[in-house]
Amino acid sequence: MALREITRVEVLRAIEEYDRLGRDVFLLAQGFGEARRFRLSYQGRLYDSKAIVGAAHGYLPGQSALVARDFSGGVATVVALLRRLGFTVIDAKATEGDGSAGHPEYTAFEAAIADLRMRATRQGPALHQPILLLWAIGRARRGDARLTPWSTTEREVGKLLSRHGARGERPRPDYPAAALHRAGLWEMRDHGGPAPSADGDRDLARWFDAQQPRTGLPLPVYETMRDSPPDRARSVGTLLRYFVGVDQPAVFAFLSEVGLGQEGGVPASSAGPVALEGAETAYADAVRTAARYEQLCRSVERGEVARHGRRVPRQTQELLRSAPAREAVLIRSADRCENPRCCGQPDDRTDNGDPILEVDHVQELALGGRDHPSQMIALCPNCHAVKTRGRTRETFRAELLSVAERLHYAMCHARGPEFST
Numbered sequence: 000m001a002l003r004e005i006t007r008v009e010v011l012r013a014i015e016e017y018d019r020l021g022r023d024v025f026l027l028a029q030g031f032g033e034a035r036r037f038r039l040s041y042q043g044r045l046y047d048s049k050a051i052v053g054a055a056h057g058y059l060p061g062q063s064a065l066v067a068r069d070f071s072g073g074v075a076t077v078v079a080l081l082r083r084l085g086f087t088v089i090d091a092k093a094t095e096g097d098g099s100a101g102h103p104e105y106t107a108f109e110a111a112i113a114d115l116r117m118r119a120t121r122q123g124p125a126l127h128q129p130i131l132l133l134w135a136i137g138r139a140r141r142g143d144a145r146l147t148p149w150s151t152t153e154r155e156v157g158k159l160l161s162r163h164g165a166r167g168e169r170p171r172p173d174y175p176a177a178a179l180h181r182a183g184l185w186e187m188r189d190h191g192g193p194a195p196s197a198d199g200d201r202d203l204a205r206w207f208d209a210q211q212p213r214t215g216l217p218l219p220v221y222e223t224m225r226d227s228p229p230d231r232a233r234s235v236g237t238l239l240r241y242f243v244g245v246d247q248p249a250v251f252a253f254l255s256e257v258g259l260g261q262e263g264g265v266p267a268s269s270a271g272p273v274a275l276e277g278a279e280t281a282y283a284d285a286v287r288t289a290a291r292y293e294q295l296c297r298s299v300e301r302g303e304v305a306r307h308g309r310r311v312p313r314q315t316q317e318l319l320r321s322a323p324a325r326e327a328v329l330i331r332s333a334d335r336c337e338n339p340r341c342c343g344q345p346d347d348r349t350d351n352g353d354p355i356l357e358v359d360h361v362q363e364l365a366l367g368g369r370d371h372p373s374q375m376i377a378l379c380p381n382c383h384a385v386k387t388r389g390r391t392r393e394t395f396r397a398e399l400l401s402v403a404e405r406l407h408y409a410m411c412h413a414r415g416p417e418f419s420t
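Residue 15 in numbering that gives the first Met the number 0 sits at position 16 of the sequence shown; the count goes up by one each step and never skips.
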């Protein structure tokens with residue numbers, strides 16, 4: 000038995016088998032009963048965690064599936080394994096009777112990236128893996144494609160390693176890609192045969208050159224990094240801990256290059272020494288931001304009915320708009336245009352130091368739109384002009400409405416289940 004050898008790949012194959020057979024047939028075939036406490040949550044479905052791990056063992060080379068009597072299904076074995084591989088495990092006992100009905104109690108991805116296995120150098124851990132992950136998180140923040148051709152990854156990440164590898168890192172993205180794939184934190188598609196480990200040199204390079212896989216973050220991780228600013232800030236802060244001791248202006252230059260200059264709790268333009276050891280405070284800041292956002296939304300909702308349709312006396316008659324709603328959207332935007340396909344907003348600021356952003360209603364108030372952050376969006380002048388006057392404005396508005404709703408949902412759920420309303 001070699002549970003420690005199981006990777007995310009084997010677990011996903013077991014999940015596919017479960018989906019293909021159905022729960023009853025799968026459990027019968029594997030010799031398991033229904034899970035009484037721990038369930039694996041994946042893409043909106045729940046799976047019997049111990050049975051999945053038992054079946055996953057059978058997908059290891061030269062191994063057979065395990066039955067229930069072969070191993071324990073508790074916290075220290077099955078749960079620890081699945082969480083280490085980046086999966087969410089629901090504890091039925093922890094949520095029993097509290098109305099949470101299966102809220103994940105653990106941020107698996109953050110836990111995994113806090114314990115990366117990396118080559119040690121005299122200056123600290125080699126930065127191959129954090130650099131690759133931060134590059135991918137930056138892509139997710141912009142809404143770029145999740146999976147990229149290997150030629151693109153090799154070119155872009157190779158340049159980053161050459162410019163920002165502060166501990167003698169070679170410009171070889173194949174090393175971190177293989178290591179993270181083995182840890183279940185990096186997806187590889189469109190290749191033949193099993194992906195290699197990060198050991199070796201020429202064989203590894205030859206495999207990537209020959210196979211040219213498409214690679215990137217796993218889908219649930221990508222969606223979280225794209226849609227949830229608090230989770231993204233927390234993950235960036237976790238990865239920045241590996242950069243302790245690196246010249247800080249160089250770290251901030253790297254973050255700016257990958258599109259994460261405002262993440263990690265410290266603006267890229269900050270001058271003077273700022274201790275990266277404090278990067279974990281990004282989580283607390285994100286929680287406070289989410290709390291303020293929720294408070295403003297509640298203020299909006301309390302006055303929404305009384306305010307709806309009212310007009311203020313001016314030279315022209317305009318519908319009354321909520322100031323708290325506008326402030327909430329600006330908080331949510333983190334000073335950046337919320338259009339995920341934005342080609343670039345001005346870096347300049349107003350006389351008051353505010354970002355050059357327009358907070359707009361996706362659906363016009365005069366046409367029945369709601370004066371609420373869930374239907375409002377922060378846009379740079381270019382994106383605002385496209386939304387208002389562009390030929391593609393109707394399609395663009397539909398996209399922006401989906402973005403606004405998604406970002407609003409992420410902010411309102413950023414503080415965890417204990418704060419959910």
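Bear in mind the hints are in silico, worked out from the structure with no lab data behind them.
Glycine included, every Cβ here is placed at the ideal spot set by N, Cα and C.
Heads up, a few of these hints could be off.
Unchecked claim - SDA-like mimics (lysine to any residue), calculated; alpha carbons at most 20 Å apart, straight line:
1. Lys158 with Arg171
2. Lys158 with Asp143
3. Lys158 with Arg213
Stated by the list, open to error - The calculated label-pair distances, taken between Cβ atoms and stated as ranges, are:
4. Gly352 with Gly21: 40 to 50 Å
5. Gly21 with Gln62: 47 to 57 Å
6. Gly244 with Arg340: 31 to 41 Å
7. Glu303 with Gln62: 39 to 49 Å
8. Ser196 with Leu218: 16 to 26 Å
9. Ser150 with Arg340: 17 to 27 Å
10. Pro148 with Arg12: 16 to 26 Å
Hint check against the structure, violated hint numbers in rising order: Those not satisfied are hints 4, 5, 7.
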